[in-house]
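Got chain B sorted already, so can you dock chain E onto it with the hints?
Protein chains: 2
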Amino acid sequence: MPEFNAPLRDMRFVLHEVFQGPALWARLPALADAVDAETADAILEEAAKITGQLIAPLNRSGDEEGVGFEAGAVTTPEGFKEAWQTYRDGGWVGLAGNPAYGGMGMPKMLAVQFEEMLYAANCSFSLYSALSAGCCLAIDAHASEALKATYLPRIYSGEWAGTMCLTEPHAGTDLGIIRSKAEPQADGSYAISGTKIFITGGDQDLTENIVHLVLAKLPDAPAGPKGISLFLVPKRMVNADGSLGQTNAVSCGSVEHKMGIKASATCVMNFDGAIGYLVGEENRGLAAMFTMMNYERLSIGIQGIGCAEASYQNAAAYARDRLQSRAASGPQAKDKIADPIIVHPDVRRMLLTMRALTEGGRAFATYVGQQLDISKYGDDPAECDSAQRLVALLTPVAKAFFTDTGLESCVLGQQVFGGHGYIREWGQEQLVRDVRIAQIYEGTNGIQALDLLGRKVVADGGQSLAIFAREIRAFCETAAPFSEPLLQALAQLESISQWLCQQAVKDPNAVGAASVEYLHVFGYVAYAYMWSRMAATAHENRAQDPDFYQAKLATAAFYFERLLPRVLSLNASIRAGSTSLYTLSAEQF
Amino acid sequence: MPEFNAPLRDMRFVLHEVFQGPALWARLPALADAVDAETADAILEEAAKITGQLIAPLNRSGDEEGVGFEAGAVTTPEGFKEAWQTYRDGGWVGLAGNPAYGGMGMPKMLAVQFEEMLYAANCSFSLYSALSAGCCLAIDAHASEALKATYLPRIYSGEWAGTMCLTEPHAGTDLGIIRSKAEPQADGSYAISGTKIFITGGDQDLTENIVHLVLAKLPDAPAGPKGISLFLVPKRMVNADGSLGQTNAVSCGSVEHKMGIKASATCVMNFDGAIGYLVGEENRGLAAMFTMMNYERLSIGIQGIGCAEASYQNAAAYARDRLQSRAASGPQAKDKIADPIIVHPDVRRMLLTMRALTEGGRAFATYVGQQLDISKYGDDPAECDSAQRLVALLTPVAKAFFTDTGLESCVLGQQVFGGHGYIREWGQEQLVRDVRIAQIYEGTNGIQALDLLGRKVVADGGQSLAIFAREIRAFCETAAPFSEPLLQALAQLESISQWLCQQAVKDPNAVGAASVEYLHVFGYVAYAYMWSRMAATAHENRAQDPDFYQAKLATAAFYFERLLPRVLSLNASIRAGSTSLYTLSAEQF
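These protein sequences, in sequence, are chains B and E.
Quick note on numbering: the numbering used here labels position 176 of the first sequence as 176, and the sequence is numbered without any gaps.
Quick note on numbering: the numbering used here labels position 581 of the second sequence as 581, and the sequence is numbered without any gaps.
This is chain B alone, in the form it adopts within the complex:
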């Protein structure tokens, strides 16, 4: 069975060295007392232990067993309950939560490292925690003080868990057409009715209570996205003293049978006049959801990095171990029947591709996390505004690009194993199945791409992109390594962005025709910036630990030589426009 060892050295590299987290924390009052380099390292060490020793060992058995469902109740696979107990005792659910309600208040740029470890160890287990964290974000930002005081501490502590109930059988991407209803009651609560599908952790046996955040429509609400409200609906009612009361009219109708994340319960949830409480304002439910989206989308994106890291670790170990054929330059392991396959160029190409994408992703997640921290905790309005704009611009890139390249990496990591990658024993095929969902949920990657190009670039008039570009140019002026190809790629991104802004005026389909490929161009340019920054730091520190930093520089060189050129094709395809997409009628497909 594969092991997972958190890449602590690499995480410290991006957190402390490249993005100088400790210096930032020291100057932000809300963080200065909470965390410094030593605390961060201690948390990472502890996180590495719990993910590597407690949670990763349940990954394959959880996949084999899956969740159970009987008489309306979900059971998680063997070992999950005990692991959750330890996990909640460690306070991990509330790692980045609001300290006023029992959260640990850690910066997001630290939390993303933990999230990566968690997904790498066990995607299914992670989701029970990830949805809770997301749920808390929405409650913290929008709910009444009473709701916050009642629910946040118990979710942060892991006693209770949270869910997000958005999708209905006929409404996924298009939430404007949901049918779930909320009837106002005399006591100020609401009676919620409707069916929600694909609800992660809709039921489970890990926590005493489950807190559902449900999108529903009030009577006479306007049609479309502006007529949707958000409600908090507990599985069991909470008495005034905090003890649990009667069961609410919420039930799990069935669980889905899926390609992967089989130990995560994906539920059909029925609300039959369940008691719920309004979160935020009436008809502003979607806006309330979007508050937390930037946090959640970044986290879900990190599932792509986590799976890729796990796949890479297994593949690199296998490639050093598996003997097959001789090196083209002549036998290397003369005492053995064949050379380890890591001598073969194509195996190295696969491993380096995984490495360059995973480490580029880790750096970018840390960078976006840092912008989230600045926008949340910063005290300089101009700096906060700029950080907020970067977060809005870069979050869809992170979510979609991490998961698209995550699938690519997991497929490569499986390919390194040959036939052994296809059988369950080695774990590589599970990673492919588990990572695949991350391209779909929390807004499909196609939707992320529309958000990026349509809303964050075209509708924004390119202003946020200009902030990002200025930052990159300023960095390049420090004589950064690889600044020449980085600036070239940036110029291409700006040029295609400008061209698309012009096209969008004339052609309503211009944005959708280009969006996915545009997001990929953006992703490769963003990773080029990350690799240039990592290379600069590695170059500076190279004397201290030559082996480590030289590997960073080598991977950077690989990225610029062999991955960044992918933008050439993407740009050419984008410039073809939307015409060829609309020559066929629907019936001709």
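Think of the hints as simulated: they come from the structure by calculation, not from any bench.
Nothing here was measured: the structure is a model prediction, and the numbers come from that model.
Do not take every clue at face value.
[As the list claims (entries may be wrong)] Straight-line Cα separation of at most 27 Å, BS3-like style, residue types lysine-lysine; simulated pairs:
| no. | chain 1 | residue 1 | chain 2 | residue 2 |
| --- | --- | --- | --- | --- |
| 1 | E | Lys-81 | B | Lys-334 |
| 2 | E | Lys-336 | B | Lys-226 |
| 3 | E | Lys-49 | E | Lys-81 |
| 4 | E | Lys-81 | E | Lys-148 |
| 5 | E | Lys-226 | E | Lys-148 |
| 6 | B | Lys-336 | E | Lys-226 |
| 7 | B | Lys-81 | B | Lys-148 |
| 8 | B | Lys-376 | B | Lys-148 |
| 9 | B | Lys-226 | E | Lys-334 |
| 10 | E | Lys-336 | B | Lys-181 |
| 11 | E | Lys-226 | E | Lys-181 |
| 12 | E | Lys-334 | B | Lys-181 |
| 13 | B | Lys-334 | E | Lys-376 |
| 14 | B | Lys-336 | E | Lys-336 |
| 15 | B | Lys-181 | B | Lys-148 |
| 16 | B | Lys-226 | B | Lys-148 |
| 17 | B | Lys-49 | B | Lys-81 |
| 18 | E | Lys-376 | E | Lys-148 |
| 19 | B | Lys-334 | E | Lys-506 |
| 20 | B | Lys-181 | B | Lys-226 |
| 21 | E | Lys-148 | E | Lys-181 |
| 22 | E | Lys-334 | B | Lys-506 |
[Said to hold, decoys possible] What the simulated footprint calls covered on chain E by chain B, stretch by stretch (three residues with Cβ under 8 Å from a Cβ of chain B suffice, anywhere in the stretch; the number is not a length):
| no. | stretch |
| --- | --- |
| 23 | 214 to 221 |
| 24 | 316 to 324 |
| 25 | 375 to 384 |
| 26 | 421 to 428 |
| 27 | 509 to 522 |
[Unchecked claim] A few chain E residues that face chain B, going by a derived Cβ cut-off under 8 Å, partial list only:
| no. | residue |
| --- | --- |
| 28 | Gly-172 |
| 29 | Met-259 |
| 30 | Gln-439 |
Idealized CB from N, CA, C, for every residue including glycine.
Chain E in isolation, oriented as in the chain B frame:
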């Protein structure tokens, strides 16, 4: 449950119209009596029925149930036995088999259409037949008259089945290091001992007997690939009168648990002094295997096309049906709550990508099948030689490119479904799991790429490529549509080929560093040739069925505008050379 309808109109288009199969068959004596356009159409119609109505309905249930294994015996899922009975009664195993021993002697360019349908309907079921067909090819080409007479008719008829036993636990790609032994016996037979893994159909309950083709080493055989011999080892011995005798010392030790093709038994096979018969010459076993490789690799490649076609059919139907959001150009289905998602540009991009790759693949499979037919049945030595060279050159491209683009298409077809693509119900996730193996088995796609660039281009001095290029240029001189981008892409392929031939002299790793990306460049250029040919035919015939031919022209335009540009990035990455692959030591990975 998704349905599968064989794309008969598209198959007739490539078979009859684009590549003019009937005209070729009429002039080749061995085929002239066996097949004409009407016979071919009748076979395709019948194949569509059996695959759509009999075999496809077992696809999901087979995946859910998987194979059973108890007391050394494999059981196939419910319904497989009955379906096999009908399948064998139709003579489908021997469709392209040698008529002298009971095969139907149909041309390969027809057989590839059937193979595509079969894989589209049910990958697992297909494999029981595919391995039999492959086994027969090797026996027909290399075994003694006695072995042929005893075994071929019973395998062609589907009474018995065949397997290929190559891989051992420590030897997959590197067959030179296998350990299985063959001891010559006094009666001219051999005692075969050893363990083989990943044996498709190693045991099953569909046929009375199983005929294993086993690679093993004779005592004192030279080390490496030139010391390997091929043996025929029946599960049950065959008496002189053709009846079955005692059980041979062959047993199935276990079956693998895999990502997909779960209804196909992947077996560990133990040979304990089993009686075997030499096929071909001593120590020439690998050469004997390679005779059939071009046929088998093309067939396995077609698994990629079949899965992609099935995924496309489901995705196109879903996209016409699923209502979600409004078209960017304004509401289309005003009487409905939302527009069908086929109005959205990115959904069309995904569907057109699938379409262009699948139809390009079908045309290329037919083209390579035609070259196989010419090389096998032709009577003009120069024409045969040229066809043989094209087959050798293009087969690795077909196998790897069909399956790499097959995975891409299946992933896109899953993405069109959003969350519904991830659950089992719709069948899209099974196609992703099932198609994935085709990039791995029958020689990984990395090995195909090495074969292409190392053996078929560099070692060949580019001669076979020159034949292909001449043919394309001659075609372009007929004022073919899209000839300009096709010729440009061809020139780039020739230029990168020439550059790589030069690099290979200086750098032993040059071939392996470039091979996978080179194969993709080759694939895109080959598909460009196919699309140009299809467009030419469509343009010529457009008056007859405007809807059909206009769709071909539109898909061709999409291919040239949005997929062919992928060669730009691939070329740039190739030209970076092998240096960046070798900066890290094995330990630094």
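So, going through the hints one by one against the coordinates:
Using a Cα cut-off of 27 Å, the hinted pair E:Lys-81 and B:Lys-334 is violated, with the two alpha carbons roughly 50 Å apart. For the suggested pair E:Lys-336 and B:Lys-226, the alpha carbons sit about 19 Å apart, so the restraint of at most 27 Å is met. A hinted pair counts as satisfied when its Cα atoms are at most 27 Å apart, and E:Lys-49 with E:Lys-81 qualifies at roughly 18 Å. For the given pair, E:Lys-81 sits about 26 Å from E:Lys-148 by alpha-carbon distance, which is consistent with the 27 Å threshold.
Distance hint between E:Lys-226 and E:Lys-148 is fulfilled; the C-alpha atoms sit about 25 Å from each other, no more than 27 Å. With a C-alpha separation of about 19 Å, the suggested pairing of B:Lys-336 with E:Lys-226 holds against the 27 Å cut-off. Distance restraint check for B:Lys-81 and B:Lys-148: the Cα-Cα separation of roughly 26 Å lies within the 27 Å cut-off, and the hinted pair is therefore satisfied. Distance check on the hinted pair: B:Lys-376 and B:Lys-148 sit about 19 Å apart at the alpha-carbon level, within 27 Å; holds.
The straight-line distance between the Cα atoms of B:Lys-226 and E:Lys-334 is roughly 20 Å, inside the 27 Å bound, and the hint therefore holds. For the hint pairing E:Lys-336 with B:Lys-181, the CA-to-CA distance comes to about 20 Å; that is within 27 Å, so the pair holds. As the CA atoms of E:Lys-226 and E:Lys-181 are separated by approximately 14 Å, the hinted pair is consistent with the 27 Å bound. Straight-line distance between C-alpha atoms of E:Lys-334 and B:Lys-181 comes to about 24 Å, which keeps the hinted pair within the 27 Å bound.
With a CA separation close to 43 Å, the supplied pair B:Lys-334 and E:Lys-376 exceeds the 27 Å bound. A C-alpha spacing of about 68 Å is found between B:Lys-336 and E:Lys-336, which places the hinted pair above 27 Å, so the restraint is violated. For a cut-off of 27 Å, the pair hint linking B:Lys-181 to B:Lys-148 stands: about 23 Å separates their Cα positions. Of the supplied pair hints, the one linking B:Lys-226 and B:Lys-148 holds, its CA atoms being roughly 25 Å apart against a limit of 27 Å.
Proximity of B:Lys-49 to B:Lys-81 is assessed by CA-CA distance (about 18 Å); at most 27 Å being required, the pair is judged to hold. At roughly 19 Å between alpha-carbon atoms, E:Lys-376 and E:Lys-148 fall within 27 Å of each other, so this suggested pair holds. For a cut-off of 27 Å, the pair hint linking B:Lys-334 to E:Lys-506 stands: about 23 Å separates their Cα positions. Taking the CA atoms of B:Lys-181 and B:Lys-226, the gap is near 14 Å; set against the 27 Å cutoff, the hint holds.
About 23 Å separates the Cα atoms of E:Lys-148 and E:Lys-181, which keeps this hinted pair within 27 Å; it holds. Between E:Lys-334 and B:Lys-506 the CA atoms are separated by roughly 23 Å; this keeps the pair inside 27 Å, and the hint holds. A stretch counts as covered by a chain when three or more of its residues have a beta carbon under 8 Å from one of that chain; for the stretch 214 to 221 of chain E and chain B the count is 0, and the coverage is violated. Residue count for the stretch 316 to 324 of chain E with a Cβ under 8 Å from a Cβ of chain B: 5. That meets the three needed, and the coverage hint holds.
Residue count for the stretch 375 to 384 of chain E with a Cβ under 8 Å from a Cβ of chain B: 0. That is fewer than the three needed, and the coverage hint is violated. Proximity of the stretch 421 to 428 of chain E to chain B, defined as three or more residues with a beta carbon under 8 Å from a beta carbon of that chain, is established by the 5 residues found. Beta-carbon proximity to chain B at under 8 Å applies to 6 residues in the stretch 509 to 522 of chain E; the threshold of 3 is reached and the given coverage holds. The closest approach between the C-beta of E:Gly-172 and any C-beta of chain B is roughly 5 Å, which is under the 8 Å cut-off, so the hint is satisfied.
Taking 8 Å as the C-beta contact cut-off toward chain B, the hint placing E:Met-259 at the interface holds, the least distance being around 4 Å. Interface hint status for E:Gln-439: upheld, as the beta-carbon distance to the closest one in chain B is roughly 7 Å, under 8 Å.
The structure is inconsistent with the numbered hints 1, 13, 14, 23 and 25, although it conforms to all the rest.
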